[in-house]
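Let's have the full structure, built from the sequences with the hints guiding it.
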Amino acid sequence: MEFAELIKTPRVDGVVLHRPFMPTVEGTLCLTGHHLILSSRQDNTEELWLLHSNIDSIEKRFVGSLGSIIVKCKDLRVIQLDIPGMEECLNIASSVEALSTLDSVSLMYPFFYRPMFEVIEDGWHSFLPEDTFKDLESMTDEWRLSEVNKDFSVCPSYPPLVAVPKDIDDNTLRKVATFRHGGRFPVLSYYHKKNGMVMMRAGQPLTGTNGRRCKEDEKLINVTLRLGKRGYIIDTRTISVAQHAKARGGGFETEANYPQWRRIHKAIERFNVLQESLIKLVEACNDQSHNMDRWLSKLEASSWQTHVKEILTTACLAAQCIDREGASVLVHGTEGTDSTLQVTSLAQIILDPACRTIRGFQGLVEREWLQAGHPFQQRCAQSAYSNSKPRQEAPVFLLFLDCVWQILRQFPCSFEFTESFLVLLFEHAYASQFATFLGNSAAERAKLSLTEKTVSLWSWVNRPQELERLTNPLYEPNSLVIWPSVAPQSLLLWEGVFLRWNRSSKWLDDAYEEMVHIIEYNKELQNKVNSLRRQLAQLETDDPLLQTP
Amino acid sequence: MEHIRTPKVEQVRLLDRFSNKITNGTLYLTATHLIFVESSANNSTSILHHHIASMEKLSLTTSGCPLVIQCRNFRVVHFVVQRERDCHDIYSSLLHLLRPVSYEELYAFSYNPKQNDQQREEGWQLIDLGAEFERMGVPCDQWQLTDVNRDYKVCETYPRDLYVPITASKPIIVGSSKFRSKGRFPVLTYFYQEKKAAVCRCSQPLSGFSARCLEDESMLQAISKANHNSRFVYVMDTRPKLNALANRAAGKGYENEDNYSNIRFQFVGIENIHVMRTSLQKLLEVIGTRSLSMSDYLVGLESSGWLRHIKAIVDAAVFLVKAVTIEGASVLVHCSDGWDRTAQVCSLGVLLMDPYYRTIKGFMVLIEKDWISFGHKFAERCDQLDGDPKEVSPIFTQFLECVWQLTEQFPQAFEFSEWFLLQIHEHVHSCQYGNFLGNNERQREELQLRERTHSLWAFLMSEKQNYLNPFYSPAYSEMHPVLEPSTLPYHFKFWRNMYHQFDRSMHPRQSILKTILTLRENSRKAENTVQALESVTRCDPQCDTRAPCASSHQRTALQLQHHPVTSGLPHTGGTHQPQRSAAAGRGG
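Residue numbers (UniProt numbering), protein chains in the order written: chain C, 1 to 549; chain D, 1 to 588.
Treat the hints with care, as some may be off.
[As the list claims (entries may be wrong)] Computed list of lysine-lysine pairs in DSSO-like fashion (alpha-carbon distance at most 30 Å, straight line): (1) D:K225 - D:K241; (2) D:K241 - C:K506; (3) C:K298 - D:K493; (4) C:K280 - D:K493; (5) D:K282 - C:K298; (6) D:K464 - C:K528; (7) C:K506 - D:K311; (8) D:K195 - C:K506; (9) D:K464 - C:K280; (10) C:K523 - D:K464; (11) C:K266 - D:K493; (12) D:K21 - C:K193; (13) C:K194 - D:K21; (14) C:K523 - D:K195; (15) C:K280 - C:K166; (16) D:K241 - C:K298; (17) D:K225 - C:K506; (18) C:K229 - D:K311; (19) C:K506 - D:K493; (20) C:K506 - D:K322.
[Unchecked claim] Counterexamples of contact, computed for chain C against chain D with all Cβ distances above 10 Å: (21) K280; (22) D293; (23) L299; (24) V308; (25) R324; (26) F411; (27) E466; (28) S490; (29) D510.
Simulated from the structure, these hints should not be mistaken for laboratory data.
A virtual CB, placed ideally from N, CA and C, is assigned to each residue, including glycine.
The following block contains the structure:
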């Protein structure tokens, strides 16, 4: 298919762009296969380059012959374009609609994008499981890297290489896979160096209504326990949801079959509930006519903050079991691709200082989200403005980022990155020139040959100029476990995402600049003092009188 | 003191109200404080008797007798005393101690910060309201100082020095004051020089359903005439219309636009002291709940109405600012008696339009002017003496919170940080300094506070370093003298550092403010070190190498000095060691 077929009017002059808190821009609107571009053709005027894939929905309005389209983006921005001429307006609207909802992955922009920057390090090879495993090997010999899923046949949503207990062979793994939802047999998620405890994740056990059991499954997780020690199974669902799952072949680990494990149920919501929550939240944030009561009640009704609190609480629980109780933990929900990953990745942020660096965080996203098979393409197909009936969409990853932001706010000096990095990941998960978040699993990404045909987001991020932009000037490595407060009074609405387009951030940005200035000035002085001291020392060695007592 | 039955109780347990943390220690009761000393660490918690708002003895449990104390600075402590008799003794001793009946019993009269009379005197002279009006450009050709209230005869809750339009004669003033609740006639509180517009304040008129007063009408006319930039003067009644209407039945009410020429009348709908008191109680109840769910928190926040009230006050201030700075109109603000809502709106309004009030000194002046001197009834609102609980209300706390909300929107516009606001709040209730004692200036003079107590402002000024906002930019204020805050609901946040000030588990574990302040302090020290080092290294070549010159001594001294600069951020222990230290340790 040619994009040109979809573009009836490629160019309109005299289009006026309205954006909140910015002056209007008049210019020429151009449509390309992947972008909506507005250019004033004047120097120093910012142009608008909008990826079609970033457009969540559009609305048309007509006043006389002047048409307007309101473009609502996945990054939550809303802009208005006034287009002279009814026909032009209709054409533009229908083209944008078609181009922003292309079904075929191979038509996505990452397959057409050529980097305009020098790739210093190919991000596709930055976080290979083999390399991660090497780190693990240096700490313990109880785990091995299994190739049982080499051709994605045992578990379609797992990567080709997974870390499993050394004493469990591939045949056992195959058996266990048949007993776990989506073939997601328990694999290693995190090894806590401090006390050797581990966190594993899996899909729900397929016990069904008649209480099927699987000796191999029991064996697999039991070998991870120290002698006489009990482990914890954190089921992210409430007990009643887990009970219901039995009817559909799912279930949970019963005490009888897993006597060495204590099961704890939490209440993290499933994807459709989360999607609705996002829609309501964004609606509340965008309606400026609310009075205080209405705003607070809408905020409450969206339940977004409740989800944030619940996820964080569960992550703290997992981290507590590992660090404080000295116990190993298995986390799962239903599929093991959503709430499970929220919990395991956040627990690592809390426990592992390495995850709080820019590179470490990339590694975490790579391991616990991309390789772990979070279905990004399904979840991020639509955002808060979508009119179409949601299918598989859900802001699972955005909620994770929100939780990270909450921890970052409580420990502003313990993260190497700033909020901007989290916002960047949010944007690219929904629409990007990079292919990192394309596809739903490692298998799909392999099939699309992304490594050969596209550029990784990490290639872009891991360049000095970009890293500098994302680096937190307050960062000072903190080797401790960081326990966030999950009291409602301690959790805030993530303004950087949800109010980003509804407030002027100029004053806040200026204050941030001032902070950076204070820090840099301090560093400068520090260097000066040190160099002067060196100079002085030099003088002193040259000074014979001071040599003799 | 005769009230103290048990000065010391051992084996008392302090329970954290949000976690399961329990601390063991000893409780001491002194004439001024209740002190809990932890047995394991060198930690202690001391609570000023005046800070205690309420106490409750809960029913006996197996581990002892629980005593819950709520403080006005929002500290809540939960003690468990082993023996019921001890608990009862403490309870009844405190009951006597925290209900003083005369001002002389307040802490301020016994507090002695080891200053001599001269220092005390200087402290009180720090804030000079006469100078403040001069700074605004008053007196001028339109406004003058009147001595009509020199003996507090016309209005006993106003200060002696009052500024009125030059055309307002004494009979007009006296006549107007008789037509205003508590005699609080319209006077100037702020003069916006740029547009010659005035912010005036008063109480409600005694208009009832139809009464009028020619002198009062002349007074408003005089205010209007004093400003050539506008043909009319705004009259802002800060009450909800319904309340104002109800007041008419009691012979009070609001200005009838037909009787006053050239006024524009406007209600702005801030609720009264009783609504505010109840609102805060509800808020505290909600946030004091253990294991509070997000939903209950947000629902509670909404139903308490607290943020709605805060927004209403800021909205009113924004209205005032627009009228004065954009339209160039003078504004007369009142509520019922003109000492609660009026004080809130006037002080917040001028804070938005005059950068001086956003400095540390200026903020003190502002509080001194619009709150203390104009007779906000601190004694009653803050429950200083055993009084009518219905007069207690968090009006001033709301003002501080409004200011905090603004600092969140304009991080570079204020010289002070929230610690300054918190500290002021602490001392409004501590009764440790004389500033806030009593209800008005006349009462303060009678109490001879200037002679017998110390001024809070002098103390805060001496600790100024602690209250600085490192992001403050005077250049910003020059460019944006008038702040235009957004009052969309989501800009108002729950002020955790105020209402959970003492609940440490609630707060971020690392503070950007603290970190940056320490960095700045480090930079200041480093500047000195650089200067000293540079002077040494520069003069060295000229040194006579055969005799140890002054600079080498100086040099050694510099090396012996403890290294003052840390390499990075101050919150971690990792300090950068000096480049060399081997040569150190040599005597002179």
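Report task. Return the numbers of the hints above that this structure violates; sort them in rising order. Result -> 2, 9, 14, 15, 17, 18, 22, 23, 24, 26, 28, 29
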